[in-house]
Amino acid sequence: MLGMTGEGALTELRRGVLGPCVLALLELRPRFGLELVRDMAEADGLLTSEGTVYPLLNRLRDAGLVTSEWRDEAGQRARRYYSITDAGRRSLTAFRAEWAQFSETVGGVLEHRSGAVGPGRKERS
Amino acid sequence: MSGTALEHPLVRDYLHELDAAFAVLPPGRARELTEQITAHLDDALPADAGDQEVAAALQRLGSPADLAAEAAPPPVPAAAVAPVSHRRRFRLRRPGWRGGVVIAAVAVGAGYGIAVVTAAPIQLGDASAWWYAQDSARAVSAQADGRQQTTVPIRSGQQQGFVITVYNPSDWTQTVLGPAADFTGPGGPDVQIGVAGWNLSIELGGGVFRPLSYSLPGSIPPHQTRALRVLWTSTTCLEKGSEQGIDQLSLRVRIGWLTRTEVVQLDQAWALSGPSRGRCT
Numbered sequence: 002m003l004g005m006t007g008e009g010a011l012t013e014l015r016r017g018v019l020g021p022c023v024l025a026l027l028e029l030r031p032r033f034g035l036e037l038v039r040d041m042a043e044a045d046g047l048l049t050s051e052g053t054v055y056p057l058l059n060r061l062r063d064a065g066l067v068t069s070e071w072r073d074e075a076g077q078r079a080r081r082y083y084s085i086t087d088a089g090r091r092s093l094t095a096f097r098a099e100w101a102q103f104s105e106t107v108g109g110v111l112e113h114r115s116g117a118v119g120p121g122r123k124e125r126s
Numbered sequence: 002m003s004g005t006a007l008e009h010p011l012v013r014d015y016l017h018e019l020d021a022a023f024a025v026l027p028p029g030r031a032r033e034l035t036e037q038i039t040a041h042l043d044d045a046l047p048a049d050a051g052d053q054e055v056a057a058a059l060q061r062l063g064s065p066a067d068l069a070a071e072a073a074p075p076p077v078p079a080a081a082v083a084p085v086s087h088r089r090r091f092r093l094r095r096p097g098w099r100g101g102v103v104i105a106a107v108a109v110g111a112g113y114g115i116a117v118v119t120a121a122p123i124q125l126g127d128a129s130a131w132w133y134a135q136d137s138a139r140a141v142s143a144q145a146d147g148r149q150q151t152t153v154p155i156r157s158g159q160q161q162g163f164v165i166t167v168y169n170p171s172d173w174t175q176t177v178l179g180p181a182a183d184f185t186g187p188g189g190p191d192v193q194i195g196v197a198g199w200n201l202s203i204e205l206g207g208g209v210f211r212p213l214s215y216s217l218p219g220s221i222p223p224h225q226t227r228a229l230r231v232l233w234t235s236t237t238c239l240e241k242g243s244e245q246g247i248d249q250l251s252l253r254v255r256i257g258w259l260t261r262t263e264v265v266q267l268d269q270a271w272a273l274s275g276p277s278r279g280r281c282t
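Chains F and A, in that order, give the protein sequences.
Each residue of the first sequence is one higher than the one before, starting from 2 at the first, in this note's numbering.
Each residue of the second sequence is one higher than the one before, starting from 2 at the first, in this note's numbering.
Since the hints were made in silico from the structure, they are not lab data.
Bear in mind the structure is a predicted one, so any value in this text is a computation, not a measurement.
Even glycine gets a Cβ: it sits at the ideal position worked out from N, Cα and C.
One or more of the hints may lead you astray.
[Stated by the list, open to error] Just the calculated beta-carbon pair ranges, DEER-fashion:
1) F:L47 / A:P170: 26 to 36 Å
2) A:R13 / F:A101: 45 to 55 Å
3) A:Q249 / F:E28: 34 to 44 Å
4) F:A42 / A:D52: 41 to 51 Å
5) A:A134 / F:W100: 48 to 58 Å
6) A:P10 / F:R114: 48 to 58 Å
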């Protein structure tokens, strides 16, 4: 239904929200790479490519929103665990507020609930 | 790496392709990503994984070229043009476009959001100085617990402060709005921040700071350096021989539509020493 524009937009949409979603998962507890990827994959349709999580994690870390450390737990190979920082929690809180408002606005347009498509812009059939 | 799926020919080929694709990235970033992807495969695949299982895991991971593109520095966001596109396309008479266009706007907004959220925070620059000449004249530098510290006597009831340079490493203009709500200066909670309007990309001596005009909010354009002044009225009560200082600044900073708190780590602590004289709290 959406055609190429819609599909491309959905891909961009997924990419755009991955960062806050990663922060939201790390808010619950630290995770290692594959664990994080699998948790993201459980959210159907959110992750189109598992590998994209890693560049994203690095960007989040560069921004001070995520830290990583190696953990060598008994009986398991050493793994790099990612944790959210205080700055990450603050950014996530800010994004949640903005996203709620943004999605409400777009939802209003899609459902014709708001004045975004007013009488002057009414569709002619 | 013996006895792991990393020895599988498909994985080896993939990692070779990864090396080639990551050649466009900074070496440190390429090494790190290769390590992450390798660890991912090592975790995801059993040592005896078959061709089909390996191929499926590699497909889920994404092509090396796509990963390299994802890891490359992000382009300048198109957010500035998105709203225009959004408005124009709403006038189209074809209902089939509307859903796609709205989703495109959502996507641009979301992309904008994450770009803003992940923008690298303001960093400390190279130059700094006590703001007032009487403090500069009495400043004592010392090393304590592995940290450098500069200390001046507290001048109770009077204004004291320092100036530093800060650098905006991101591709976004960052606007300093003031100190974070919970930030307290060495001399008390009444902290005033000011940002000078000039790009200071040159080596500076302390005297260069004073003629500059400081204001708030203070914008720092992408990849530029500004002088940032921190002043406070010293009301803290300090006993003789005691000291109080700060080694980081918490700032409220606006990037696009997002306001966040950024912590600038200072390369030395800025401290006041007692005793306080006159009224203090």
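Now for the hints, and whether the structure bears them out:
no. : hint                        : in the structure
1   : F:L47 / A:P170: 26 to 36 Å  : holds, 29 Å
2   : A:R13 / F:A101: 45 to 55 Å  : holds, 47 Å
3   : A:Q249 / F:E28: 34 to 44 Å  : violated, 23 Å
4   : F:A42 / A:D52: 41 to 51 Å   : violated, 22 Å
5   : A:A134 / F:W100: 48 to 58 Å : holds, 50 Å
6   : A:P10 / F:R114: 48 to 58 Å  : holds, 56 Å
The earlier numbered hints that this structure contradicts are 3, 4.
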